[in-house]
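Position chain B relative to chain A; hints supplied.
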Amino acid sequence: MKTIRPTAFTSLALTGLVLSGCATLGPAFKPEQYSPGDKGTVYIYRESKMIGGAVSYTVHANGMPLAKLSSGSYFVYHAAPGEVEFSAQTEAKTSVTVDVKAGEVYYVKGSVGMGVFVGYPHLLLVSSGVGEKEIVECKLVPGAPSDAAAVAAADRRQK
Amino acid sequence: MLLFALGLGACATSVTVTPRLSGPTSRNCEIHALVRYDGNPEYLPSVLVRDATMSQAVTLRYRYDINYDAQPLPDIATLVNPLTIFGFPTGHDYISVVGSLEFIRADATVRTYGAAAALKRTGTVFGEGDSFTDMRRRGLLLVRDNISVQLCQDRTVLTQLLGAGPDDHSSSQQTPTGERP
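Residue numbers (the working numbering), protein chains in the order written: chain A, -13 to 145; chain B, 176 to 356.
For the record, the hints were derived by calculation from the structure and aren't laboratory data. There could be a bad hint or two in this list.
[Said to hold, decoys possible] Only some residues are given here: those of chain A computed to face chain B with a beta carbon under 7 Å:
1) I37
2) E71
3) S81
4) G101
Note that beta-carbon positions come from the ideal geometry of N, C-alpha and C, so glycine has one too.
Bound conformation, chain B alone:
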């Protein structure tokens, strides 16, 4: 039973996300802005709505960075360990995803939101668990959602920040944070 639990536990991927936030993203929260991001749209914080009609005084830039690391046990240790065949770990793999959203005004960063996710998997002779592709995707989605929550919590400040500027569209039907006037 213990060995079975060992085998099952080894396949699981552990996840840590910072900052730790409580509370779900507001359903009605939307932030309209000019966004500079050329990656997969799925990984862009979902509260951001790319809006070319918004003021060009402040632009948003979203970036992420991913790092991989593998720490396999020495081959000889795996070979001579009798517990290996029962699912004893043969090594650990790590992936860290760091996302940052910058608010840029006149080439200067005026505000930054960031989040990080660290994922760890443990391999056994039965397999390595989640692939790096799965872990990367999971990490990017966690970072995306974390930044979304932060943005929604700061909605009032962002309204002022994105609304200010010489190109402010006073005729727009929506405020920068997506609330109807």
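Looking at chain A on its own, in the form it has when it is part of the complex:
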């Protein structure tokens, strides 16, 4: 019986760890054509960076999981007007609350800060000027549900 040498095992483990952060992403950014008039449009994005690039985290809206945000990705969420708390967690939790108004567009920027064992997520509400400029390099998270109804339906299917 063949045994895996410790060095080979370590190399495999490290490669796996690095690649686990590389999600398959969809097409490059394109402004959302469909925007329901009674909801606000929230773009959640994360710039592509080498440091922390292997870390990805699930973004929640008012506790409901939306999509996994990896380095260089984005997705769109149509939120009902009111306070919406976007949160994410690895070894530490972060959250930012947005006052969503119907017909308005918001940009929530994700990033990764240095943690003790794992990088921790960071979510920040940025101005449209900053968001529009930074999101163009990002790619769509495939299959991310874009509104609360779709998220709830996906949640039910999982259960």
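Just chain B now, with coordinates in the frame of chain A:
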């Protein structure tokens, strides 16, 4: 010990509120008025009582604006700094909340009350401290309470302002500032 203090100090959120006011809100202070505000009622100055029976000559409009800013240290600086693991700051985050209450008569603003809160947190490798959600809430409550104190201090003037006008309800059991006649 110094490093421990550094780590603890980094997690704290510093707060500044303007204007600086002294004295608590009067317990019996209430201002009855028509209020235009569609946000979370928790953040409306607590002395304001929405009263549809009040004169429509003067309406109150409450608004707030929130701005965020993040200033992380460059990744390379954090990586090469040996003190990082002992809780040396990895960046600062800022949030500012500005609230304003306008008294509007015939589409013109006749009086304005405002307050602002600035909050700063310092992140370390152990965490970022209070979340933006917590800081936002704290800032909104501080602004709310600050404006409440200002309103109570100006109660006499506001009584005249809200009581005046063609639709003045002389049969009302309460004055606009909530004092029993």
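How the hints compare with the structure:
For A/I37, the interface hint holds, the least distance from its beta-carbon to any beta-carbon of chain B being 4 Å, beneath 7 Å. At a threshold of 7 Å, the smallest CB-CB gap from A/E71 to chain B is about 5 Å, leaving the interface hint in force. Hint status for A/S81: holds, given a least beta-carbon distance of 4 Å to chain B, under 7 Å. The criterion of a C-beta within 7 Å of any C-beta in chain B is met by A/G101, whose closest approach is roughly 6 Å, and the hint holds.
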